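A.B. asks: Listed below, chain by chain, are the residues.
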Amino acid sequence: MLRHVTRKAAGWLLMIAVATNATYFLASWFLDPRSNYQGQRPVRSEAQIDLALAPYNLDPRVPVVHRWWDWVTSVVLRFDWGKSPTGVSVNGEIGYRSLVSAELVVIATVLSVVVGVALGVYTASRQYGWADRVSQAVSIVVFNIPASVIALAVVFVAIWLNQHAGLHFLYVAGENSPNVQGLLPTIGDRLLHLILPTLTLTLMGYVGYHLTQRSLLLDTLNADFVRTAQATGLTRAQAIRRHALRTALIPTATSVAFSVPAIFTGAIITETIFGWNGMGRYFVQTISKNDVHGTVATAAFAAALTAIGAILADIATVFLDPRVRVS
Amino acid sequence: MTLTTTRTDPAPPTGTDPVLSVRDLRISFPSEAGPVEAVRGVGFDLLPGRTLGIVGESGSGKSATALGIMGLLPPSATMSGEVLLGGRDLVGLGDRELSGVRGKSIGMVFQDPLSSLTPIHSVGRLLRDALRVHQNLTKQAAWEQAVELLDLVGIPDPRERARSFPHEFSGGMRQRVVIAMAIANRPSVLVADEPTTALDVTVQAQILDVLRLAQRETGAGLVLITHDLGVVAGYADDIAVMYAGRFVERAGVDELFRRPTMPYTARLLAAVPTVDSGVRRPLAAIGGEPPTPADLPPGCPFASRCAVALDACRAEEPALREVTGHGHVACLRAEEVADGTLDPAGPADRADEHPGPVRAGAGDVVLRVEDLVRTFPLTKGALLKRRVGTLHAVNGVSFELRAGETLGLVGESGSGKTTTLLEVLRLRRPESGRIEIAGTEVGTVQSAADVRELRQNVQIVMQDPLGALDPRLPVHQLLAEPLQAIGRGRDAIRTRIHELLTLVGLDASVGDRFPAALSGGQRQRIGIARALATEPKLLALDEPLSALDVSVQAGVINLLARLKRELGLAYLVVAHDLAVVRYISDRIAVMYLGHIVETGDTETLFSDPRHPYTRALLSAIPVPDPQRERTRERVVLRGELPSAARLPAGCAFVDRCPLYRLAGDDVRQRCRTERPAPRVVAGQPGHVYACHAA
Numbered sequence: 002m003l004r005h006v007t008r009k010a011a012g013w014l015l016m017i018a019v020a021t022n023a024t025y026f027l028a029s030w031f032l033d034p035r036s037n038y039q040g041q042r043p044v045r046s047e048a049q050i051d052l053a054l055a056p057y058n059l060d061p062r063v064p065v066v067h068r069w070w071d072w073v074t075s076v077v078l079r080f081d082w083g084k085s086p087t088g089v090s091v092n093g094e095i096g097y098r099s100l101v102s103a104e105l106v107v108i109a110t111v112l113s114v115v116v117g118v119a120l121g122v123y124t125a126s127r128q129y130g131w132a133d134r135v136s137q138a139v140s141i142v143v144f145n146i147p148a149s150v151i152a153l154a155v156v157f158v159a160i161w162l163n164q165h166a167g168l169h170f171l172y173v174a175g176e177n178s179p180n181v182q183g184l185l186p187t188i189g190d191r192l193l194h195l196i197l198p199t200l201t202l203t204l205m206g207y208v209g210y211h212l213t214q215r216s217l218l219l220d221t222l223n224a225d226f227v228r229t230a231q232a233t234g235l236t237r238a239q240a241i242r243r244h245a246l247r248t249a250l251i252p253t254a255t256s257v258a259f260s261v262p263a264i265f266t267g268a269i270i271t272e273t274i275f276g277w278n279g280m281g282r283y284f285v286q287t288i289s290k291n292d293v294h295g296t297v298a299t300a301a302f303a304a305a306l307t308a309i310g311a312i313l314a315d316i317a318t319v320f321l322d323p324r325v326r327v328s
Numbered sequence: 009m010t011l012t013t014t015r016t017d018p019a020p021p022t023g024t025d026p027v028l029s030v031r032d033l034r035i036s037f038p039s040e041a042g043p044v045e046a047v048r049g050v051g052f053d054l055l056p057g058r059t060l061g062i063v064g065e066s067g068s069g070k071s072a073t074a075l076g077i078m079g080l081l082p083p084s085a086t087m088s089g090e091v092l093l094g095g096r097d098l099v100g101l102g103d104r105e106l107s108g109v110r111g112k113s114i115g116m117v118f119q120d121p122l123s124s125l126t127p128i129h130s131v132g133r134l135l136r137d138a139l140r141v142h143q144n145l146t147k148q149a150a151w152e153q154a155v156e157l158l159d160l161v162g163i164p165d166p167r168e169r170a171r172s173f174p175h176e177f178s179g180g181m182r183q184r185v186v187i188a189m190a191i192a193n194r195p196s197v198l199v200a201d202e203p204t205t206a207l208d209v210t211v212q213a214q215i216l217d218v219l220r221l222a223q224r225e226t227g228a229g230l231v232l233i234t235h236d237l238g239v240v241a242g243y244a245d246d247i248a249v250m251y252a253g254r255f256v257e258r259a260g261v262d263e264l265f266r267r268p269t270m271p272y273t274a275r276l277l278a279a280v281p282t283v284d285s286g287v288r289r290p291l292a293a294i295g296g297e298p299p300t301p302a303d304l305p306p307g308c309p310f311a312s313r314c315a316v317a318l319d320a321c322r323a324e325e326p327a328l329r330e331v332t333g334h335g336h337v338a339c340l341r342a343e344e345v346a347d348g349t350l351d352p353a354g355p356a357d358r359a360d361e362h363p364g365p366v367r368a369g370a371g372d373v374v375l376r377v378e379d380l381v382r383t384f385p386l387t388k389g390a391l392l393k394r395r396v397g398t399l400h401a402v403n404g405v406s407f408e409l410r411a412g413e414t415l416g417l418v419g420e421s422g423s424g425k426t427t428t429l430l431e432v433l434r435l436r437r438p439e440s441g442r443i444e445i446a447g448t449e450v451g452t453v454q455s456a457a458d459v460r461e462l463r464q465n466v467q468i469v470m471q472d473p474l475g476a477l478d479p480r481l482p483v484h485q486l487l488a489e490p491l492q493a494i495g496r497g498r499d500a501i502r503t504r505i506h507e508l509l510t511l512v513g514l515d516a517s518v519g520d521r522f523p524a525a526l527s528g529g530q531r532q533r534i535g536i537a538r539a540l541a542t543e544p545k546l547l548a549l550d551e552p553l554s555a556l557d558v559s560v561q562a563g564v565i566n567l568l569a570r571l572k573r574e575l576g577l578a579y580l581v582v583a584h585d586l587a588v589v590r591y592i593s594d595r596i597a598v599m600y601l602g603h604i605v606e607t608g609d610t611e612t613l614f615s616d617p618r619h620p621y622t623r624a625l626l627s628a629i630p631v632p633d634p635q636r637e638r639t640r641e642r643v644v645l646r647g648e649l650p651s652a653a654r655l656p657a658g659c660a661f662v663d664r665c666p667l668y669r670l671a672g673d674d675v676r677q678r679c680r681t682e683r684p685a686p687r688v689v690a691g692q693p694g695h696v697y698a699c700h701a702a
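Protein chains in written order, with this note's numbering: chain H, 2 to 328; chain L, 9 to 702.
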């Protein structure tokens, strides 16, 4: 098992290296950091701008291969991912923002999976019953509402609740309140700020798991081996849980693991509406501000998450399907 | 509860209370056209240690009966009547109450062992869980019991194998595990739904023995559900014949087979191809098709197919009533049949008798196969595939087939018979050896046009007609397709389709229907018509009858015989059912692990089999006659077909050969080291076998 994971990890590491370097060249060709200085007053000359970019290893007059070599050595030797065209450290930004995103994404993902799979199981065992029909209708409606609309709707409902029900803990903006002191109050404050964005992300995320888990389970629900399990004396619910569900969970485990990077960098709209400085917004900002190093670092971050997701998927598959261990 | 019955002494029912009593069981399923009654008033008593065989064709409601007794029907089904298990009525109990009964008092063995075991649990764990549902055992103790159970059902090396997963077992071994699960908690009733249908005949005999052993161990009453009259003849004490959701005849096994009294039973028995020694009796097909449960006629459901039906039969459905000295029969004319004054086959029906395969003289050689070899590489590794072995699927097979002749290739699954067929159909140069079709050597044909020309001469009929016909094309388009492919004109196609439908005995009106709207027999006829469209010389038939019911099968057998006679076709038939092969083949080649071990004329081979494998294969087939079935000597092979990846250096059959175990040392030596050469039987030209010991 360990050998298998190590081998997989080595493969993914190679993949990450290739993807990151390819992104570096693409970003260097297509993003023009000079444009950040062009709108400034007083107007600077080309040479002045290039000179200003030089300390950040972004001087366009230096050949791209040369700049790449400097960047690569600094990443490999010092794990320094460079600076933005305005001199902000990429490491600092990503370090802070990935934690903010993690807060948001991990809880929302866990909730989406739990809610989605539970609903899938509940409705699959009651196929065509009213609970199945109602929840499926709700899921399909939610699935078709754009993320921004869901987020705004959540915000409006929260404001209405705050005003009419006299609640004061539903924060609609920011990651934390200023002037909170001490460890426990800080954690509590952060958790309260998490409620609404997490709710939004869960609403957007659970539908996929509900619908796929429902159809996956329906495939195995009427399998002969479930009937055999019932014939040994299990109730239908027990037979489904112990025999059908575990088989049907294998594809879901894989898809959860692979969706992690997408959620990390894809929660842009939620982050924007709730005023969170997460990875999603950073990704958009770096591109729009021609931040070569920030873009590349974000790409590397996503690649690393994909690799972790894939390895987690492998581990989950082995855990769920013991046949893999045999062969 | 410890009463056991042996096979030679099935009769004495000691006055025990029945373990299972079913009274007026009715099961219906909802459908778009309203509720469909699948089971319409079934009732029986089962005594401990006794076996009730329920025989019926597909759609007769026998599986629904089994699931109804177990309480495993889908929630949409409705059930009424009484299922009394030890005095307690199971009908109407909830899932929780039923789960206390299932597995503890009733065990069930399912049809398809490949899909009835959870793939992600080891068999030891499956058994352990089955034990722990009803018994308060520690995991360790349950595991020990699981190992003992595996040993009981004949899994070699049970301690080691308990850790294996279902996919590491063969079909027969998996069915043993399913039986072990069914008897884990020593139930008083066992229900087996087609327990051997998915298995090879040689394995079927082993599984029936295991089932018998399991029944003896537990003293349980057994409900054995099957479509195979041969299986129940040797196994059951009482037999109930089901038709259209009801028992139409219920009697002791001897009475039933001695004089089947319901015309349906009688005709069914006459339609079963048999292999027992003696002359081949003619197969009398039952005309028509079994009725669909959704659309039952008033009166006796068999009346439309019955040769001796009266007007009264069509008016009201006869009830199951006792006929003295026989049993219970649901037929108005049961007394007449029972005392022998009425022949249930009818007076005039003998005209349709199957004349037997008539050899159309020595025609031209249509297919010649010489030393055909086909291997498959066995690879390992995900990214870099490395070859770890070779699977010898077909190993030096030679035969010849002439126009107007049928060659049957028989053997267990994995013997290479289908691969041989596919090699012939592939129309490419074989790996080694030669294939010659209608005088043209396959390997020499290069251009696509020539290959297409050759293709016209060879056509195939598939096993499952529902899977082989595109469900979205109507019949006339299905038949037009091969004709369009060879570039026939529109008018020519229309006349040819009409010809084809007449040829296979179908009405022109089926042309507009889709395959789903046809019955199984009609579909297979369309499959045959489609194969005949391009006027081939050679028809390859891959298990052409195994998907059909017995009563329909006989009609297709007769059709094949007529087509061969009229069109001078050559058939290459692959089948696992030796009884069927006997009725359609002129010659038979028995295959084992890619080798032809014996070949000869059908009747010579059946009356005087030489190779020990042929003998075992023939004796494994149950005979639908309880007396002979009980007394005849059987050769039950040990084990199952080994993998073709590791062929023994000598005879391929050596590991399972009963003669090898009896042979002297010098012969054994040759069996192990020297591949036996084909030998001709003296005085029987064409009868060749390959064995050192026989």
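Incorrect hints may appear among the rest.
With the Cβ distance kept under 8 Å, some of the chain H side facing chain L (calculated, not the full set) [claimed, not checked]:
#, residue
1, R134
2, A224
3, T229
4, Q231
5, A232
6, L235
7, R247
8, A304
Taking CB as the label site, the calculated pair distances span [unchecked claim]:
#, chain 1, residue 1, chain 2, residue 2, range
9, L, Q148, H, A263, 57 to 65 Å
10, H, L100, L, A524, 53 to 61 Å
11, L, S421, H, A23, 19 to 27 Å
12, H, N223, L, G227, 50 to 58 Å
Calculated directly from the structure, the hints in this document are not laboratory data. Keep in mind that this is a model prediction, so the values were computed, not measured. Idealized CB from N, CA, C, for every residue including glycine.
A.B. asks: Indicate, hint by hint, whether the structure satisfies it.
C.D. replies: Here is how each hint holds up against the structure:
1. Taking 8 Å as the C-beta cut-off, the interface hint given for H:R134 is violated, the closest approach to chain L being about 16 Å.
2. Given hint, H:A224 at the interface with chain L, holds; its Cβ is 7 Å from that chain's nearest Cβ, closer than 8 Å.
3. Interface hint at H:T229: satisfied, since its Cβ lies 5 Å from the closest Cβ of chain L, which is below the 8 Å cut-off.
4. At its closest, the beta carbon of H:Q231 sits 6 Å from a beta carbon of chain L; the interface hint therefore holds under the 8 Å criterion.
5. Below 8 Å, beta-carbon pairs count as interface contacts, and H:A232 has one with chain L at about 4 Å; its hint therefore holds.
6. For the restraint placing H:L235 at the interface with chain L, the shortest Cβ-Cβ distance is roughly 6 Å, inside the 8 Å limit, so the hint holds.
7. Hint status for H:R247 relative to chain L: holds, with the closest Cβ pair at about 6 Å, below 8 Å.
8. With a cut of 8 Å, the hint placing H:A304 at the interface with chain L is violated, because the nearest CB-to-CB distance is about 21 Å.
9. For the hinted restraint 57 to 65 Å between L:Q148 and H:A263, the CB-CB distance of approximately 46 Å leaves it violated.
10. Look at H:L100 against L:A524: about 59 Å separates their beta carbons, and that is inside 53 to 61 Å.
11. In this structure, L:S421 and H:A23 break the distance hint of 19 to 27 Å, their C-beta atoms being roughly 51 Å apart.
12. About 33 Å separates the C-beta atoms of H:N223 and L:G227, a value inconsistent with the hinted range of 50 to 58 Å.
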